[in-house]
Structures are given as C-alpha cells and as structure tokens.
Amino acid sequence: MTKLGSAVILTIFMASVLLAQAPAAAIKRTAEGKPDFSGTWQTGGASLDGAYSNVVPAGGAPAPAAGARGARGGAAPAAGARGAGGPAAGGGGRGAGAAAQPGALPTQPPMQPWAAEKSRGMKNIDDPTVHCFMPGIPRVVGMPFPLEIVQTPNKIVILYEAFRTFRVIPTDGKKLPGEGIASYNGDSVGHWEGDTLVVDVTNFNGKIWGPGQMKVTSDKYHVVERYTLNGDTIAYEAVIEDPGVLTGPFVSRSTLRHPPETHVMEYECLENNINLNTIIQ
Amino acid sequence: MRIRTGLLVVFALLLAVAPIWAHHSNAAQFDASKRTTLKGEVTKIEWTNPHAYIYVSVKDASGKTVTWSLEGFPPNTLLRTGWHQNDLKNGDVITFEGATARDGSNLMLGREITLPDGKKLYWGPQQ
Chain A
1 MTKLGSAVIL TIFMASVLLA QAPAAAIKRT AEGKPDFSGT WQTGGASLDG
51 AYSNVVPAGG APAPAAGARG ARGGAAPAAG ARGAGGPAAG GGGRGAGAAA
101 QPGALPTQPP MQPWAAEKSR GMKNIDDPTV HCFMPGIPRV VGMPFPLEIV
151 QTPNKIVILY EAFRTFRVIP TDGKKLPGEG IASYNGDSVG HWEGDTLVVD
201 VTNFNGKIWG PGQMKVTSDK YHVVERYTLN GDTIAYEAVI EDPGVLTGPF
251 VSRSTLRHPP ETHVMEYECL ENNINLNTII Q
Chain B
1001 MRIRTGLLVV FALLLAVAPI WAHHSNAAQF DASKRTTLKG EVTKIEWTNP
1051 HAYIYVSVKD ASGKTVTWSL EGFPPNTLLR TGWHQNDLKN GDVITFEGAT
1101 ARDGSNLMLG REITLPDGKK LYWGPQQ
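So the sequences go chain by chain: A and B. Residue 217 in the working numbering sits at position 217 of the first sequence, and the numbers go up by one each step. For any residue, its number in the working numbering is found by taking its place in the second sequence, counting from 1, and adding 1000.
Calculated directly from the structure, the hints in this document are not laboratory data. Take the hints with a grain of salt, since some may be wrong.
What the hints assert, rightly or not - Far from chain A, some chain B residues (derived; all Cβ distances over 10 Å): (1) Ala-1028; (2) Thr-1037; (3) Leu-1107.
As the list claims (entries may be wrong) - Pairwise CB distance ranges (calculated): (4) B:Ala-1032 <-> A:Leu-159: 32 to 42 Å; (5) B:Lys-1039 <-> A:Lys-28: 49 to 59 Å; (6) B:Thr-1043 <-> A:Asn-273: 45 to 55 Å; (7) B:Ala-1032 <-> A:Gly-231: 51 to 61 Å; (8) B:Thr-1043 <-> A:Ile-280: 20 to 30 Å; (9) A:Thr-247 <-> B:Asn-1086: 50 to 60 Å; (10) B:Gly-1104 <-> A:Leu-270: 20 to 30 Å; (11) B:Thr-1043 <-> A:Ile-125: 44 to 54 Å; (12) A:Val-168 <-> B:Ser-1105: 42 to 52 Å; (13) B:Ala-1032 <-> A:Glu-271: 20 to 30 Å.
Glycine is no exception: its CB is placed at the ideal position from the N, C-alpha and C atoms.
Taking the hints into account, I'd like the entire structure generated from these sequences.
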C-alpha cells in the first residue's frame, strides 16, 4: 500500500467518522425562531400504527410481545410511566421541588400511606374516564388518541381527541386574563428554557387520577411539563407534585410521534357508554 | 404488504413506549383466559363512542338463538386501523372471537372477526 493510498483511506475513514457525528437534522422552527410543535401527535394506542396494523396476517395472529402489546389499544399496563422519553431535562425547573433533577426523580408516585391505601382500593368503575370525565394532566397525553398542537407567537393550543380536552397555554410566561375555577386540566402558563417549552400547571379540582397508581389527587396537585422537539418526535416529561397526596415529586415521561394520515376527530364519549354494570373489578 | 406489515409491527414493538396511562383496564371487565369463538348473523352495528358494538345472533347447542354483543375500539380507532364503515352490514354472517365478560353475560371484547369475504380484522384490542 502506497503512502498516498493510506492517506486516502485514512481521509475517507475520518470523513466517515465526522459525518457520522454530524448533528441530528435541524428541527422545524417558527418565524420567531422557536421550536415549532405544530401538528398532529400521539403517544400510543393501536391507531398509532396506522391502517395496516389491524389486519390479521394470513398466517394467523402474531404472538403478542409482552409489555409492548399491552401498552397499545386500550389494555392498560398498571405501572406508571415506562416511556423511553427524551433526554432527561437538566436543572430542577420551577416546581420540581427542592432543586431535584428530574432525571433523578422516581417514576412511580410516592404516596402518603392513606393515599396508597385509597388507590389500591380503587376499582376500574371508580376511574373518572370510565364515566367520560376528562383525564386531566398528564393522563390525557397518554390516551390512545391523537392531539393537535397549534402554535402561535405567544400561545400554544392543544386539542386532544380524548374526551374533548383542550388547553390554551400562553408561552410568554404570562397567565391568561381572568380567573379560572379549579378544573380537570388546570391553568397553564408556559415559558421557554432554550428550546424546551416548560409549562406550569396549577388550579386542579382534585377529581382526576394522576399517572400510574396515583388514583387520588388533591387541589394542590401541580404539574410542570417539558416539551422538547427532537426531529419529528417530541420528548414529553411531566413532574408531578401533590403535597395533599404524595410524599414527594415524581416524573412521568412519554414520546409524542406523528400518527399516520389522520387528524383529530370527534369523540363523544357519552353517546353510548353502556355495559358499565359489567365492569366488576 | 406482508413485508410492510411486518416492518410496521417491528417498528411498533421497538417504539412502543408505555403511555402515561393507557386507557381504562379491560381486564376489569373481560377475562382474557376465557375466550370464545362463535359464528352468527349480524343484527345491529353501532359505530359509537366510547366503543363500537356489533350484535350477533348465534344459535346455541340447543338450537336456541342468543344475542352476543361484541365491544370494540372506538370508531375513530377502527377507521385508522383498517376498518371501513361499509365492511359489515346487517345480515352478514361472521365468525368472531374474543375475551368474554367476567359477569357471565353474552358480552365479549371482540378481537378477531372474519368477514363474509374471508377478510380478518381486529375489532378490539388484544387482551
């Protein structure tokens, strides 16, 4: 091998290494330079796999994969967030509690003993969503239905197909005008930390379930969400505190992706909510 | 299409992160270990929320006609996963399979449905 030949090979090798380490594709940005979250998104459910997922293969049904199958299409895994999620957000962030790094927080709710006992005693029929009430935050994000994010220079509006939930989130750090009653989805105020949208949500009504085994919440329930755009997915993270129910904060993570060829549609849960008497556990 | 379906399944399995809370638990209502496969005539189809329903007349062993109720995905989910509203109509004879209700009623979480033309689709979630 000549010296020139070796140099050429070495150059090609180094170029390959450098190209492999090239930064990920730039994210879509708004005219103001902010990450653009606009679009239709979904975290899970059978419909995330699109039109061909539901056709039984000619050779018979594929063997279900433990865990993965259970997370789709409505069969609920009981455990809390197991999402691979995005990068752990650095820094405590507002409301995360005592400068705790979200990456170090538990992913299951640390409940006060009375709340743990009450949650264990909850039956499926006690789930507010079984009666078509809104799931609240962050539970609505994990529902197996799409959501639409509409982004303007100072607001983000999220329309969730699940239970007709909608949220208006100011992104300039200022509360929306007027006072709101304690509600299922709370009041949101957002601000940017670099390219991450941080949303502080308060003023909940104590009627929703939290993520995982947290089947009781109080009016002190408090969520700080983080949205980070990675190419064509959003890393979603929610840090939950509730001094009325929990002994400390915990974190819930998920990944939002684009469901194929669909849009948010109507979901009138109350129209035929029958057979509730058969939900016996 | 087989290859594309296979790739989509692999893709889904690789990327299937558990949602924060994935809908209410069907296990509270249906027993996945008690499955039934039956054949009968469709008498009613409801494309409604929160679940679509197919009602099927089935002759039991004694010759008596009983009505089975098959609970399925919400209609939006059905449309997104391969169903069309005209795939099934009253009078169609279908074979259906699924997990039966814990309370012993003729209610099923419908899973595999075989349409009159032989096409097989999933009516509800795996359990």
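Tested hints:
1. Ala-1028: Its Cβ does come within 10 Å of chain A, the nearest being 3 Å, so this is violated.
2. Thr-1037: holds (13 Å)
3. Leu-1107: violated (6 Å)
4. B:Ala-1032 <-> A:Leu-159: 32 to 42 Å: holds (34 Å)
5. B:Lys-1039 <-> A:Lys-28: 49 to 59 Å: Holds - the Cβ-Cβ distance for B:Lys-1039 and A:Lys-28, about 51 Å, lies within 49 to 59 Å.
6. B:Thr-1043 <-> A:Asn-273: 45 to 55 Å: violated (21 Å)
7. B:Ala-1032 <-> A:Gly-231: 51 to 61 Å: At roughly 37 Å between Cβ atoms, A:Gly-231 and B:Ala-1032 fall outside 51 to 61 Å, so the hint is violated.
8. B:Thr-1043 <-> A:Ile-280: 20 to 30 Å: For B:Thr-1043 and A:Ile-280 the Cβ distance comes to about 26 Å; the hint holds.
9. A:Thr-247 <-> B:Asn-1086: 50 to 60 Å: Holds, at about 55 Å.
10. B:Gly-1104 <-> A:Leu-270: 20 to 30 Å: With Cβ atoms ~27 Å apart, the hint holds.
11. B:Thr-1043 <-> A:Ile-125: 44 to 54 Å: Distance hint for B:Thr-1043, A:Ile-125 is violated at roughly 28 Å.
12. A:Val-168 <-> B:Ser-1105: 42 to 52 Å: holds (43 Å)
13. B:Ala-1032 <-> A:Glu-271: 20 to 30 Å: holds (27 Å)
The structure is inconsistent with the numbered hints 1, 3, 6, 7 and 11, although it conforms to all the rest.
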